[in-house]
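> With chain A held as given, fit chain E onto it using these hints.
In case you want the letters, here they are:
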Amino acid sequence: MKYILMMNAPRGNGQYQVTQWKPEELKAHIAFMHELNRDLTKSGELVGAEGLASPGEAKLVRVGKNGQPATDGVFPETKEFLAGFWIVDVERAERAYEIAARASSAPGPGGKPLVLPIEVRQVMSAPPTDV
Amino acid sequence: MTPGAGAAPLATPVEHLLRELAPRVLGAVARRHEDFSAAEDAVQEALIAAAAQWPAAGVPDNPKGWLYRVAVRRLADARRSEAARRRREEAAAADLAADEAHAMPDDGAAGEDDSLVLLFMCCHPALTVPSAISLTLRAVGGLTTAEIANAFLVPEATMAQRISRAKQAIKSSKVPFTMPDDADRAARLDAVLHVLYLVFSEGYASSVGAELQRVDLSSEGIRLARALHAMLPDDAEVSGLLALMLLTDARRAARSGPDGELIPLDEQDRTLWDRALIAEGAALVADALRRGSIGPYQLQAAIAALHDEAARAADTDWAQILALYRLLERMSDSPMVSLSRAIAAAMVHGPVAGLEQIDLLADDPRIAGHYRLDAVRGHLHELSGDRDRAVAHYRAAAERTASIPERNYLLEKAARMAWVSPSERG
Numbered sequence: 075m076k077y078i079l080m081m082n083a084p085r086g087n088g089q090y091q092v093t094q095w096k097p098e099e100l101k102a103h104i105a106f107m108h109e110l111n112r113d114l115t116k117s118g119e120l121v122g123a124e125g126l127a128s129p130g131e132a133k134l135v136r137v138g139k140n141g142q143p144a145t146d147g148v149f150p151e152t153k154e155f156l157a158g159f160w161i162v163d164v165e166r167a168e169r170a171y172e173i174a175a176r177a178s179s180a181p182g183p184g185g186k187p188l189v190l191p192i193e194v195r196q197v198m199s200a201p202p203t204d205v
Numbered sequence: 217m218t219p220g221a222g223a224a225p226l227a228t229p230v231e232h233l234l235r236e237l238a239p240r241v242l243g244a245v246a247r248r249h250e251d252f253s254a255a256e257d258a259v260q261e262a263l264i265a266a267a268a269q270w271p272a273a274g275v276p277d278n279p280k281g282w283l284y285r286v287a288v289r290r291l292a293d294a295r296r297s298e299a300a301r302r303r304r305e306e307a308a309a310a311d312l313a314a315d316e317a318h319a320m321p322d323d324g325a326a327g328e329d330d331s332l333v334l335l336f337m338c339c340h341p342a343l344t345v346p347s348a349i350s351l352t353l354r355a356v357g358g359l360t361t362a363e364i365a366n367a368f369l370v371p372e373a374t375m376a377q378r379i380s381r382a383k384q385a386i387k388s389s390k391v392p393f394t395m396p397d398d399a400d401r402a403a404r405l406d407a408v409l410h411v412l413y414l415v416f417s418e419g420y421a422s423s424v425g426a427e428l429q430r431v432d433l434s435s436e437g438i439r440l441a442r443a444l445h446a447m448l449p450d451d452a453e454v455s456g457l458l459a460l461m462l463l464t465d466a467r468r469a470a471r472s473g474p475d476g477e478l479i480p481l482d483e484q485d486r487t488l489w490d491r492a493l494i495a496e497g498a499a500l501v502a503d504a505l506r507r508g509s510i511g512p513y514q515l516q517a518a519i520a521a522l523h524d525e526a527a528r529a530a531d532t533d534w535a536q537i538l539a540l541y542r543l544l545e546r547m548s549d550s551p552m553v554s555l556s557r558a559i560a561a562a563m564v565h566g567p568v569a570g571l572e573q574i575d576l577l578a579d580d581p582r583i584a585g586h587y588r589l590d591a592v593r594g595h596l597h598e599l600s601g602d603r604d605r606a607v608a609h610y611r612a613a614a615e616r617t618a619s620i621p622e623r624n625y626l627l628e629k630a631a632r633m634a635w636v637s638p639s640e641r642g
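The listed protein sequences correspond, in order, to chains A and E.
Residue numbers for the first sequence, in our numbering: 75 to 205.
Residue numbers for the second sequence, in our numbering: 217 to 642.
Hints may be right or wrong, so weigh each one.
Unchecked claim - Selected chain A positions facing chain E (in silico; Cβ < 8 Å):
#, residue
1, 92
2, 93
3, 95
4, 96
5, 97
6, 101
7, 104
8, 105
9, 125
10, 128
11, 130
12, 145
Treat the hints as calculated values from the structure; they're not laboratory data.
None of the values given here were measured: they were computed from a predicted structure.
No residue lacks a Cβ here, since even glycine has one placed at the ideal position from N, Cα and C.
In isolation and in its complexed conformation, chain A is listed as follows (with noise of 0.2 Å):
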């Protein structure tokens, strides 16, 4: 079964402001991932995980007149954000929900949990084969 874990940011100057963190404090964190995605990798789980740039950039786009794509700039009010998603393939759903919880557990200012939100879902399979 396939689950994509979100990882969902507050906007804001926060302690979720990675760029006002000490040198080690990042060092720690970025270690932190890799050894994620590394053990994920060595048990076979890691379908895929992306980080995504920074949300300064975001646009809402729908689709406008003549089919062209109407763009709407960055929204301020937006609390939080995606920061990053992992796409995993497990047993089951519980063991999902402790990678979600690892990833939650990863250090932030003083070394603490940032205990972030992750929103896990299941991601739609194709329909089971016939025999």
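For chain E alone, coordinates are given in the frame of chain A:
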């Protein structure tokens, strides 16, 4: 050939031979039968048959002739079944069947020309750049669609579509399978060099982290550039491109840390640089420059050689590099070149001079808002001792880059400067 810069790492001897032969066979089939797309499919099938049979049955005495005959037969089969449905191509099929008896043209100059024509065709300006890259890797590089897809981290079906669209574009543009005439040739060669350079740099940019399953695009770019250089040994820009690749690739082991973190040129462990590649690249570019028709790849290679030949970062001949960037700037009109020129100017005349030159660039819409502008400003403010401005620019650059190792590098750089204790502050 230098170890580590030649064939892709995964190839067995048969695979290696097939990849060498693929473009020549395809060139010969496409030249004689004029339908590139069908020729390409037929040669792919012949390659698959060879890969299945040769390891067990042994390589035939004339492997190229074998592939050619099988490909032509497949082409004839394909046309026959079409003709059976529509009854119009019988004549063509008969021609093809008769052609089976013909041997493939001999090795040597003719065969190499076919590979070159093939390369010119795959890099035709009628194609979009991503299409040209994919088609070149498949038709000239002899990679499978799956390998190319894997190298670019896209699904195989996506890459298959990209290649099929490229072949369709060649078909509908009616690009003839012939050598471009002299008037057209320089422009076409520029397109070829550009595509090979992009293949190389794609591999260079994505080589961060151990991706053992991926075809190494940098090595593939070097392999193709070597082949082109063998076909056009007197072309100074071809030599320049190959030299640039070798001189850049020489630093590969030193440019990232164990977790893929970026290590800038001035902090790299230079003992890890590949001396043999540097010697080969430096000799190539020196020889090319002596011939007197100077072009942008030779200049970039000459700059890379100056970096590579400095025993320590502090020994870098920045005055010479600045002079080369000025020449390059006159030839290329690229704001990225101007930005590099500003860095060199800063190293020669001090950071303030560099920052002034960058301010002049910042209005250029082609580069305004680009993270590199902020990254360089951060670096120059750091050199001039203006910590606060350096931190602000590094952070701005980190916000804008789309590369994770680069963002991490810039964030750490800013953090290290922002968090020094007050007593350390100068």
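> So, for every hint listed, does it hold in this structure?
Status of each hint after checking the structure:
1. Interface restraint check for residue 92(A): the shortest CB-CB distance to chain E comes to about 6 Å, inside 8 Å, so the restraint holds.
2. Taken as an interface hint, residue 93(A) checks out: its beta carbon lies about 4 Å from the nearest beta carbon of chain E, inside 8 Å.
3. Interface restraint check for residue 95(A): the shortest CB-CB distance to chain E comes to about 6 Å, inside 8 Å, so the restraint holds.
4. Interface hint status for residue 96(A): upheld, as the beta-carbon distance to the closest one in chain E is roughly 5 Å, under 8 Å.
5. The interface hint given for residue 97(A) is met, as the beta carbon of that residue sits about 4 Å from the closest beta carbon of chain E, less than 8 Å.
6. Against a cut-off of 8 Å between C-beta atoms, the interface hint on residue 101(A) holds, since the closest Cβ of chain E lies about 7 Å away.
7. The restraint placing residue 104(A) at the interface with chain E holds, with a minimum CB-CB distance near 5 Å, inside the 8 Å limit.
8. Among the interface hints, the one on residue 105(A) holds; its C-beta lies about 7 Å from the nearest C-beta in chain E, closer than the 8 Å criterion.
9. The closest approach between the C-beta of residue 125(A) and any C-beta of chain E is roughly 5 Å, which is under the 8 Å cut-off, so the hint is satisfied.
10. The criterion of a C-beta within 8 Å of any C-beta in chain E is met by residue 128(A), whose closest approach is roughly 5 Å, and the hint holds.
11. Contact between residue 130(A) and chain E, as hinted, is supported at the beta carbon level, the nearest pair being about 6 Å apart and thus within 8 Å.
12. Violation of the interface hint for residue 145(A) is found here, the shortest Cβ-Cβ separation to chain E being roughly 16 Å, above the 8 Å cut-off.
Of the numbered hints given earlier, the model fails hint 12 alone.
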